[in-house]
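S.K.: This is what each chain is made of:
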Amino acid sequence: MIDTTAASIDFSIIAPEIALLAAAFIILVSVYNKKMRNLAPVIATAGLLVSLLIAIEQMGNPKTGFFGMVTCDDFTVVFKILFVISSLLILMFGRRYFVSKNIDRPEFYALLCISTMGMMVMASTTDLVVIFLGLEIMSVPLYVMAGMDKRSLESNEAGIKYLIMGAFASGFLLMGIAFIFGSSGTTDLRRIAADFQFIGENYQLYFNAGAVLTLVGFAFKVAAVPFHSWVPDVYQGAPTPVTAFFSVGPKAAGFAALLRIFNFGFEDMEFISDIFWMLAVLTMTVGNILALRQGNIKRMLAYSSIAHAGYILVAFAVGGSAAMSAAVFYLFAYGLFNLGSFAIITQLEIRSGCKSELSELSGLSKAHPYLSAALTVFMLALAGFPPTVGFIGKFYLFTAAIDGGFIWLTIIGVLNSFISVYYYLRVVKVSFLEKFEGTFVPVKYTPAMMAVLLITLAGTLGLGIFPEKLLEISRAAIFAFL
Amino acid sequence: MNLDSVIFIISAAVTLFGAVMMIMQRNPVASVLYFILSLVAQAVLYVQLGALFVGAVLIIVYSGAILVLFLFVIMLLNLRGDEDLGAPSSPVSQLTKYVVSIGIIAEFAFVIWSTGFSSSIPTGIIAGASENFGSTEQVARLLFGRYLYPFELTSILLLAAIVGAVVIARKENGDEIESKAAAKTAADEVTG
Chain Z
1 MIDTTAASID FSIIAPEIAL LAAAFIILVS VYNKKMRNLA PVIATAGLLV SLLIAIEQMG
61 NPKTGFFGMV TCDDFTVVFK ILFVISSLLI LMFGRRYFVS KNIDRPEFYA LLCISTMGMM
121 VMASTTDLVV IFLGLEIMSV PLYVMAGMDK RSLESNEAGI KYLIMGAFAS GFLLMGIAFI
181 FGSSGTTDLR RIAADFQFIG ENYQLYFNAG AVLTLVGFAF KVAAVPFHSW VPDVYQGAPT
241 PVTAFFSVGP KAAGFAALLR IFNFGFEDME FISDIFWMLA VLTMTVGNIL ALRQGNIKRM
301 LAYSSIAHAG YILVAFAVGG SAAMSAAVFY LFAYGLFNLG SFAIITQLEI RSGCKSELSE
361 LSGLSKAHPY LSAALTVFML ALAGFPPTVG FIGKFYLFTA AIDGGFIWLT IIGVLNSFIS
421 VYYYLRVVKV SFLEKFEGTF VPVKYTPAMM AVLLITLAGT LGLGIFPEKL LEISRAAIFA
481 FL
Chain R
1 MNLDSVIFII SAAVTLFGAV MMIMQRNPVA SVLYFILSLV AQAVLYVQLG ALFVGAVLII
61 VYSGAILVLF LFVIMLLNLR GDEDLGAPSS PVSQLTKYVV SIGIIAEFAF VIWSTGFSSS
121 IPTGIIAGAS ENFGSTEQVA RLLFGRYLYP FELTSILLLA AIVGAVVIAR KENGDEIESK
181 AAAKTAADEV TG
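These protein sequence lines map, in sequence, to chains Z and R. Under my numbering, read the first sequence as residues 1 to 482, first letter to last. Under my numbering, read the second sequence as residues 1 to 192, first letter to last.
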C-alpha cells in the first residue's frame, strides 16, 4: 500500500519528466547557434533515452510525493515507458520526412519532449488538477505540431481544427472537474474514492454531472464517437510522423487518465459502465463503417484509430483488473503496429508529390517488396489476425469481456473486427495485385527508418507469439492500484 | 450608516456604472477604459470581503496586464469606433438577444434569492472562515506547499504555449502558402 500522507518533495519520482524538460530547454537555448541547431534531434533522443532508463529504474518501487500530487506506481511507470518508446520511434523516422518537406525546425523536438512530459504528468497523478495540467502540457505542443507545415493548407487546417476542438474538450473537462470539486470538496481521487458513499448520498446530482462532463472531455481526446469529428481532418492534414505521434501517445495518456479516474476514483459509480458500453459500441461501429469508404490511407488509419479506441472502451465497460490489464496490453500492441504502418507511409511520402492516396500504393510489391511485406504484416495486425500481437490483444480484451458477462458486447466487437478486415486487406490487395502505374522513384532507407521498421515488426510478430512478458507487465500495472 | 456601507455602495455603484458604460460605447478604447474602472471598483469589493489577494490580483493581472494588452491590440488595429458595423441584425437574432439576457437576469435573481438573500450589506470576513482566510500569506503557503507541483507545471504549460506561438507565427523564407493557384482552388472549394 502506498503511503498517502507523504508530503516530501522528492525529485527522484519526477526524474523522467525532469530529463525530458532538460532536453527541451537545451534545444530551445541552442536554437540560436547554427551548429547546435542540427543537434536538436540528438539532444531530444538523449533526453528520451535518459528518461526511459530512469523510468525503468522506477519499476516496482511505488512512491508518492509533492503532497500527494505525484503518484509513481507501476501503472505510471508502464505508461511512461509506452510514451517514451513511441516518442523515440517517431523521432527516429520523422527527421527524414521533415527535412524532405523543408519543415525541419529544432523547436519541434523541444515541443515533442514537452508533450511527452505532459503525458507522463497525466499518468503519474491521482489529482484532477494535475491531470488537467498534464493534459494541457501535452496538447498545446500537439496543436503546434499539427500545423507545423505552414505552407500546406491541410496542415494549417489540421492545426486550427485541433486547437478549437481541444479547447472545447478542455472546457468540458474543467467544468466536470469544477462540479466534482464542488460536490466532493477535493480534487484528489484517493479522497474521492474514500468518501464515495458520502458524496453519493449528499451531492449525487452534481457529482454525476461532473463525472459525465469529465468523461466527455476525455472522449474528445481519445477520439470516441460522437466526439470524433476532428480526427480524420487532423490526421490527414498533419505531417505524417506527427499523425503517428497523435495516434499513440496522447491516446494512451487519455486512457491512462480515464483508467485512474473511472476505475480508481469513481470505481463505485453505477451507471458509468452503461455509458462506457454505449460509447464503445458507437465508437467501434462508426469508426469501422466510415473507414470502409476512405481512399486516403492516413484518413483510413484515422478512422481505424477511432475503431481501436472503441475496442479499448469495451474494457472500460467491463471493468475489473482482467479487462483493464487487457486494455493496457492493447494500448502497447496498438502503439507498435500503428507506428509501424505510419513509418511505412512516411517512407512512401518522402517521394515528392505523394499524398498517401490508396491508389498510389499500386504495384508497391514490385518496387519495394520488403516494404509491402511489412505493410501486410501491420495491416494483418490492425485487423487482428494471428500470429500478430493484434490478435492476442483482441483475444485478451474479448475474453475479459466474456468473463465479465458482456457477451453481446463481445459479439459486436468481433463483428466489427470482421468489417475492419475488408479495408485493411484492401491496402494489401492494392499493393500486391494492382498494376504499377507511373514510375517509382526509389527511396533509400535511412538506418533509423530501418531500425524503426525492424523494431515494430519484431514487436508485432514477437509479442504475438510470446505475449506472456508484456501481459505480466500490464497485469502488474493494474494491480499496482486495484 | 457606517463607513463600510458607504464604501460598499460607492464601489458597487462604480462597478455597475463601469460595466454599463463599457457596453454602451462605440469606441473600443473607451470601452476598455470603462472596463478597467469597473474592475478597480470590484477589487475594492473583494478587499472589503477580506479577500486581499484576489483584490490585488484583479488589479495587477486583470486590469494591469490583460486589459492593457487589449488596449495595445485595439490601438495597433487602429479601431476608432466609426467603422460600419454592417446591416442591422435580423429580427430573430434581435429577439434571441433579449430572451437570453432576460433569462440570465432571471437565473441570477433566482440563485441569489434561493440562497437566502438578505438585505444587509456584506462587510468583513466570510462567516466561519479563519482570521487570515484569503490573505496573501495563506495563498502563498498553499501555492508553494501543497500545490507546488501544479504551480510549477503551469509555468511549463506557459512555456510550451509561448514556444508554440513563436513557432507558428514566425515568418521564415519560403513560408508562403503553397502557391497562389493552390490557394485559389481551395478558396473556390469553400465558396462553391
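The set of hints was computed from the structure by calculation and includes no laboratory data. Do not take every clue at face value.
[What the hints assert, rightly or not] Derived EDC-like pairs (lysine to aspartate or glutamate); straight-line CA-CA distance at most 20 Å:
#1 R:171 - Z:10
#2 Z:101 - Z:154
#3 Z:150 - Z:104
#4 R:171 - Z:154
#5 Z:429 - Z:472
#6 Z:355 - Z:434
#7 Z:34 - Z:104
#8 Z:63 - Z:10
#9 R:171 - Z:434
S.K.: Against each hint, give a clear statement of whether it holds in the structure.
M.R.: Here is how each hint holds up against the structure:
1. R:171 - Z:10: Between residue 171 (chain R) and residue 10 (chain Z) the Cα gap is close to 42 Å, so the pair fails against 20 Å, i.e. violated.
2. Z:101 - Z:154: 14 Å, holds
3. Z:150 - Z:104: 12 Å, holds
4. R:171 - Z:154: Given that 20 Å is the threshold and the Cα spacing comes to 18 Å, the pair holds.
5. Z:429 - Z:472: Given pair residue 429 (chain Z), residue 472 (chain Z) is violated - Cα atoms ~36 Å apart, limit 20 Å.
6. Z:355 - Z:434: Answer holds: residue 355 (chain Z) to residue 434 (chain Z) is near 18 Å, not above 20 Å.
7. Z:34 - Z:104: 13 Å, holds
8. Z:63 - Z:10: The given pair, whose Cα atoms are some 9 Å apart, holds under the 20 Å limit.
9. R:171 - Z:434: 43 Å, violated
Checked against the numbered hints above, the structure breaks hints 1, 5 and 9 and satisfies the rest.
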